[in-house]
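Trainee: Taking the hints into account, I'd like the entire structure generated from these sequences.
There are 2 protein chains.
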Amino acid sequence: MNTSESPVVVMKFGGTSVGDISRIKRVADLVAAFRQSDPGVRIVVVLSAMAGETNRLVRLAKECVDRPQPREMDVLLATGEQVTIALLAMRLCEMGISAKSLLAPQVRISTDARHTNAQIESIDSRVIEDIVAAGAIPIVAGFQGISEEGDITTLGRGGSDITAVALAAALRARTCYIYTDVPGVFSTDPRLDPNARLLERVSHEEMLEMASLGAKVLHPRSVYFAMRYAVPLVVLSTFAGACSPGINGTWIVREEELMEKPLVTGVTHRFDEAQLTVEGMPDDIESMSKLFDALAERDVYIDMISQEGVGSHLVNVSVTVPDEQSGLALETIRGIVPTLKANGVTVERDIAKVSVVGVGMRYHTGVAARAFRCLAREGISVQMVNTSEIKMSVLVTRKYCEAAVRALHAEFIG
Amino acid sequence: MNTSESPVVVMKFGGTSVGDISRIKRVADLVAAFRQSDPGVRIVVVLSAMAGETNRLVRLAKECVDRPQPREMDVLLATGEQVTIALLAMRLCEMGISAKSLLAPQVRISTDARHTNAQIESIDSRVIEDIVAAGAIPIVAGFQGISEEGDITTLGRGGSDITAVALAAALRARTCYIYTDVPGVFSTDPRLDPNARLLERVSHEEMLEMASLGAKVLHPRSVYFAMRYAVPLVVLSTFAGACSPGINGTWIVREEELMEKPLVTGVTHRFDEAQLTVEGMPDDIESMSKLFDALAERDVYIDMISQEGVGSHLVNVSVTVPDEQSGLALETIRGIVPTLKANGVTVERDIAKVSVVGVGMRYHTGVAARAFRCLAREGISVQMVNTSEIKMSVLVTRKYCEAAVRALHAEFIG
Chain E
1 MNTSESPVVV
11 MKFGGTSVGD
21 ISRIKRVADL
31 VAAFRQSDPG
41 VRIVVVLSAM
51 AGETNRLVRL
61 AKECVDRPQP
71 REMDVLLATG
81 EQVTIALLAM
91 RLCEMGISAK
101 SLLAPQVRIS
111 TDARHTNAQI
121 ESIDSRVIED
131 IVAAGAIPIV
141 AGFQGISEEG
151 DITTLGRGGS
161 DITAVALAAA
171 LRARTCYIYT
181 DVPGVFSTDP
191 RLDPNARLLE
201 RVSHEEMLEM
211 ASLGAKVLHP
221 RSVYFAMRYA
231 VPLVVLSTFA
241 GACSPGINGT
251 WIVREEELME
261 KPLVTGVTHR
271 FDEAQLTVEG
281 MPDDIESMSK
291 LFDALAERDV
301 YIDMISQEGV
311 GSHLVNVSVT
321 VPDEQSGLAL
331 ETIRGIVPTL
341 KANGVTVERD
351 IAKVSVVGVG
361 MRYHTGVAAR
371 AFRCLAREGI
381 SVQMVNTSEI
391 KMSVLVTRKY
401 CEAAVRALHA
411 EFIG
Chain X
415 MNTSESPVVV
425 MKFGGTSVGD
435 ISRIKRVADL
445 VAAFRQSDPG
455 VRIVVVLSAM
465 AGETNRLVRL
475 AKECVDRPQP
485 REMDVLLATG
495 EQVTIALLAM
505 RLCEMGISAK
515 SLLAPQVRIS
525 TDARHTNAQI
535 ESIDSRVIED
545 IVAAGAIPIV
555 AGFQGISEEG
565 DITTLGRGGS
575 DITAVALAAA
585 LRARTCYIYT
595 DVPGVFSTDP
605 RLDPNARLLE
615 RVSHEEMLEM
625 ASLGAKVLHP
635 RSVYFAMRYA
645 VPLVVLSTFA
655 GACSPGINGT
665 WIVREEELME
675 KPLVTGVTHR
685 FDEAQLTVEG
695 MPDDIESMSK
705 LFDALAERDV
715 YIDMISQEGV
725 GSHLVNVSVT
735 VPDEQSGLAL
745 ETIRGIVPTL
755 KANGVTVERD
765 IAKVSVVGVG
775 MRYHTGVAAR
785 AFRCLAREGI
795 SVQMVNTSEI
805 KMSVLVTRKY
815 CEAAVRALHA
825 EFIG
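From first to last, the protein sequence lines are chains E and X.
Using our numbering, you'd call the opening residue of the first sequence number 1 and step up by one each time.
Using our numbering, you'd call the opening residue of the second sequence number 415 and step up by one each time.
Note that these hints are calculated values from the structure, not bench results.
C-beta: ideal position from N, C-alpha, C; glycine also.
One or more of the hints may lead you astray.
A few chain X residues facing chain E, derived, Cβ under 10 Å [claimed, not checked]: (1) Asp434; (2) Ser436; (3) Ala442; (4) Glu477; (5) Val479; (6) Asp480; (7) Asp488; (8) Val489; (9) Leu490; (10) Leu491; (11) Gly494; (12) Leu517; (13) Pro519.
Each pair of labels, with its calculated beta carbon distance range [unchecked claim]: (14) Asp272(E) <-> Arg588(X): 49 to 57 Å; (15) Ser98(E) <-> Asn609(X): 54 to 62 Å; (16) Gly135(E) <-> Gly564(X): 53 to 61 Å.
Mentor: In structure tokens, the structure reads:
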């Protein structure tokens, strides 16, 4: 068989999938079954650390120092995946399947030097191609890379998914399977709404919006990578029976490959933003500039913006920011309240952002009108709105989050 | 300061010295104090894994497979030192001392590919020299190397000591300090004989014999390395107060540097050999050859040999072998008993080998005579004897081991 013509697939297993030895054995069985079901395919495996291991290592570091040095934190954290790849490789070897664990320096996963949150710059796929050509299965440590200086780096949240997608792109893989502890991507959070349905197919862009807007199954960075390099992703469960492609899970594909383009594909929510309102500010462009310049200077990330007139030439301006930045944002705005000639600033953390996402919005209008009518029927008032080509987000009081999700899901998805 | 003229010292800390976070903090304090006491010196640190961690990893592997694949075992085991070097480096950084953890591939500690028991072939000292020249302290992972194929290897028992000594040799270090949980090398095992005294100085060759003959504080391979490259070693306690060179511990130096050359420096013992006796074998060279050829073919390591006439042209031939090979040796000899025309073979595991070691034996005769007289006075019969230029070993029944050690220690050391 000519290896260069054999399709490659990447199988990535998350922390709960390799959470203990019995699960690592299950992963080995799954890889073996996949191989048997499709002998023509070349498999590359990417692993996370055992669930809980990264937290254990972080605790060790925190016991040792107040503020762990990022370079050394990466050396410490990288041991987590090193353990799981060695164990899975030895398990496969014992089953008579040739397999080799590989660390980031061996695969030459080059990153910048932003320790604990590095970005992949390039992957030298030759090492993996050689192993694959020799008939063995490379078992690659996710989450880690190597800087130009030869130091270990880690990729931050969602890092193992990013490794998998980046490898799939470098190897021009047919598919990148993301095995996790849920059956796939749902139309909304099943814990909030029992009508949530498993999605068969979503586009990269929808998934990117859904991941950014609260769907936790994938990190937005890995979806962005998959979109940019047109890597077909499949999210599926390690613990469900079957492992043949196409049977289970959710496919994340290019928009052109969607059979149908529903108006709304998913309804998501998140609780991790805070709303700040500057009250009684002069309604002029100069004050606005001062406000947003001050926040930009402190690197505060602003999500939604709205303003509301309150009397002659005065407005209340509201913004939402990540909750962990709300203290910084509050302090920053308080410092310029006199300069702004505003009355003051308030912060509201008891909020939820609920979003509807769907590529169909590109082709159909009226989603906003339907959404507002639907929420009004439930007596839910909308505090802020934010839209893009394929999504619409509304800010509501947190206690109405579940009701808003269910109402919007019933309205658009059923 | 011209770095090339600043002396380098290697400080190696074993598993109990970095056994938990409070001990890692203590090691950081010790390194800081050493630096302050001698600012002209350049420090390189080598660490073991936390005590117990290697066993934990071995257990994980054994849960996962029956026979762990050596290449993957090395990937797994190497995580142990990676954790401790990261933690110590972040601790030193937080104390305001520039430090950098380094893994074997970064230091280019090249080994052969004998996984789990690799031999160091070369070290590229430039990386460490650069870090040291920049005023930082390299914190190097002990026990591990990298093969020509770019795979992680480990050095087997005593591996971290070997890393330390090899680095000291490559850097032409002034001294290699081996910090451990005992105050140094004793003239005999203090648990067996309260008269055991801490030795101030021993020669490399004495230490090599003592390590091979039962002194557990250093592995013979690291002593051999130190002897071959004339690296001055100091064995000392992490947990004693002082850390200035020359105050505590045992110096292991070239024989020429010994102030005095005592007849006997140490009395050691070990229990891990078994004695096999072939009974009633014809006393001719042909039978002897058959016996030793058969054992050599099965790679049985033979330590002591003796023969004793039992009637006309018949002898009993005894050998000692490592206890873990006694089953193999017994089976091998049993298979050739008819060919040898011997009466049979017996195995005796209830034995101890007691040795006296000292460079003074080179220059003085009569040690054997004094030792035999001394043991005879105690009513201890000697079953076998083995001598070299600087040591004499006797095999005794195990229950007499402690009495033999005490008697010989009193006779020669006092």
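Trainee: Each hint: holds or not?
Mentor: So, going through the hints one by one against the coordinates:
1. This hint holds: Asp434(X) has a C-beta 9 Å from the nearest C-beta of chain E, less than the 10 Å allowed.
2. Because the smallest distance between the Cβ of Ser436(X) and any Cβ of chain E comes to about 9 Å, under 10 Å, the interface hint for this residue holds.
3. Residue-level restraint check for Ala442(X) holds (minimum Cβ-Cβ distance to chain E is 9 Å; threshold 10 Å).
4. Restraint check, Glu477(X) versus chain E: the minimum CB separation of about 4 Å is within 10 Å; hint holds.
5. With 10 Å as the threshold, the beta carbon of Val479(X) comes within range of chain E, its nearest partner Cβ sitting at about 4 Å, so the hint holds.
6. The criterion of a C-beta within 10 Å of any C-beta in chain E is met by Asp480(X), whose closest approach is roughly 7 Å, and the hint holds.
7. Annotation: interface hint on Asp488(X) holds; nearest CB of chain E at approximately 8 Å, less than 10 Å.
8. About 4 Å separates the beta-carbon of Val489(X) from the nearest beta-carbon of chain E, less than 10 Å, and the hint is met.
9. The restraint placing Leu490(X) at the interface with chain E holds, with a minimum CB-CB distance near 4 Å, inside the 10 Å limit.
10. Here the hint on Leu491(X) is kept, as its CB sits about 9 Å from the closest CB of chain E, short of 10 Å.
11. This hint holds: Gly494(X) has a C-beta 8 Å from the nearest C-beta of chain E, less than the 10 Å allowed.
12. Nearest Cβ of chain E to the Cβ of Leu517(X): about 7 Å, under the 10 Å cut. The hint holds.
13. Because the smallest distance between the Cβ of Pro519(X) and any Cβ of chain E comes to about 6 Å, under 10 Å, the interface hint for this residue holds.
14. Asp272(E) and Arg588(X) have their C-beta atoms about 56 Å apart, which keeps the hinted 49 to 57 Å range intact.
15. A beta carbon spacing of about 59 Å between Ser98(E) and Asn609(X) agrees with the range 54 to 62 Å that was offered as a hint.
16. The hinted window of 53 to 61 Å between Gly135(E) and Gly564(X) is violated, with their beta carbons roughly 19 Å apart.
Going through the hint list in order, the structure does not satisfy hint 16, though it satisfies all others.
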